[in-house]
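Chains A and B are the protein sequences, given in the same order. Per the numbering used here, the first sequence starts with residue 1, numbered consecutively. Per the numbering used here, the second sequence starts with residue 1, numbered consecutively.
Think of the hints as simulated: they come from the structure by calculation, not from any bench. Everything numeric in this text was worked out from a predicted model, so none of it was measured. Treat the hints loosely; a few may be bogus.
Unchecked claim - Computed list of lysine-lysine pairs in DSBU-like fashion (alpha-carbon distance at most 30 angstroms, straight line):
no.	chain 1	residue 1	chain 2	residue 2
1	B	K69	A	K80
2	B	K69	B	K120
3	B	K117	B	K69
4	A	K80	B	K146
5	A	K28	B	K146
6	A	K28	B	K117
7	A	K80	B	K34
8	B	K210	B	K192
9	B	K117	B	K210
10	B	K69	A	K28
11	A	K80	B	K117
12	B	K192	A	K80
13	A	K28	B	K120
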Amino acid sequence: MIVSNSSHKDKDSFTELPADGHQAHPLKVYFVVWGWLFVLSACSYMVDFMSFQGYLRWTLILFFMIVKAGLIIAFFMHIKWERLSLSYAVLLPPIAVLVFVAIMAIEANYTVFTRFNFFGGG
Amino acid sequence: MTDTSQVQVTASVDRTTGLSGLVEDWSSDQRAFKNVSWRKAMMWIFLLSDTFIFGIFLLSYMTSRMSTKVGWPNASEVFSLHIGHTNFPLLLIAIMTFVLITSSGTMVLAVNYGYRKDRKLTAIMLLVTALLGATFVGMQVFEWSKLISEGVRPWSNPMGAPQFGGIFFMITGFHGTHVSIGVIFLLVMAQKVWRGDYDTQRPGFFTSRKGDYECVEIMGLYWHFVDLVWVFIFAFFYLW
Numbered sequence: 001m002i003v004s005n006s007s008h009k010d011k012d013s014f015t016e017l018p019a020d021g022h023q024a025h026p027l028k029v030y031f032v033v034w035g036w037l038f039v040l041s042a043c044s045y046m047v048d049f050m051s052f053q054g055y056l057r058w059t060l061i062l063f064f065m066i067v068k069a070g071l072i073i074a075f076f077m078h079i080k081w082e083r084l085s086l087s088y089a090v091l092l093p094p095i096a097v098l099v100f101v102a103i104m105a106i107e108a109n110y111t112v113f114t115r116f117n118f119f120g121g122g
Numbered sequence: 001m002t003d004t005s006q007v008q009v010t011a012s013v014d015r016t017t018g019l020s021g022l023v024e025d026w027s028s029d030q031r032a033f034k035n036v037s038w039r040k041a042m043m044w045i046f047l048l049s050d051t052f053i054f055g056i057f058l059l060s061y062m063t064s065r066m067s068t069k070v071g072w073p074n075a076s077e078v079f080s081l082h083i084g085h086t087n088f089p090l091l092l093i094a095i096m097t098f099v100l101i102t103s104s105g106t107m108v109l110a111v112n113y114g115y116r117k118d119r120k121l122t123a124i125m126l127l128v129t130a131l132l133g134a135t136f137v138g139m140q141v142f143e144w145s146k147l148i149s150e151g152v153r154p155w156s157n158p159m160g161a162p163q164f165g166g167i168f169f170m171i172t173g174f175h176g177t178h179v180s181i182g183v184i185f186l187l188v189m190a191q192k193v194w195r196g197d198y199d200t201q202r203p204g205f206f207t208s209r210k211g212d213y214e215c216v217e218i219m220g221l222y223w224h225f226v227d228l229v230w231v232f233i234f235a236f237f238y239l240w
């Protein structure tokens, strides 16, 4: 299949994947991501240090976690520069775990309900 | 003997990118991962299976924490450190997090210097990564012995819900095992790079296959995954 569609090509020079599939990119992008990971880790530690509670705490924890995970996967693990066939193959299946989480959250609520109501209060 | 399982991928063809490229790859003949060597694809598939393992661990943690009648111990207090007269919540865990992130950065440098064929810098960066990984495991040993001395057991603990100990030892233990295995692989990789195995095409001692600097990148995938898992453990187990 030899289809050249220049409109689909990435514009930035460092997003261009070398022809042999090797992930060699300028160091600058790694240092920027590295710096952000430190900042975000400090932020998530501050969530505990400042003793935020409730929904604010959970939202911040999840936000910093997702951004950190995203940076690691996208840049350090080079998913940003891989073809979509690989990215989707590794990124989509974990959605099944999220479905399982939803199922088990319902189940756990039911378990604690039965424990409180039929197994001697708390 | 001809090497039938070629690792080199030559991609001189100009391939479609984006979603139509995805459809093209997956509906094409023989292989779906066009410019990815089989060993990198296999590492990714292994990491995906590992994602499920840790995902299910965290899932079982959520289930036990949500369904217990006894209050869950406050991780902020359990893992706090007293220095002088001040009490720092989660201090050791925070340091461990920074150590692991630093090691991720040195790993990425190793991959980069590898592709630049800078043999010595690659080996040094791999060794620094291994050292930081070993530091992490050492701090985990300290953390485990501190908790064990405080009476935390897999079946009970003085701070609250008895499931806390079991979940803690299982999740951090499994993660620590991953880090330890990673350190061993990093040391092996550092030796291979230092000796110039990837320049001289020396066959591997176990697989007898010739490697190249892509092996460093694949090692990096594993190491970043270990860091990634820690991001989730840090958020859900220590901070939540």
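Notebook entry, point to check: Hint by hint, which ones does the structure fall short of?
Noted result: Violated hints: 1, 2, 3, 4, 5, 10; rest satisfied.
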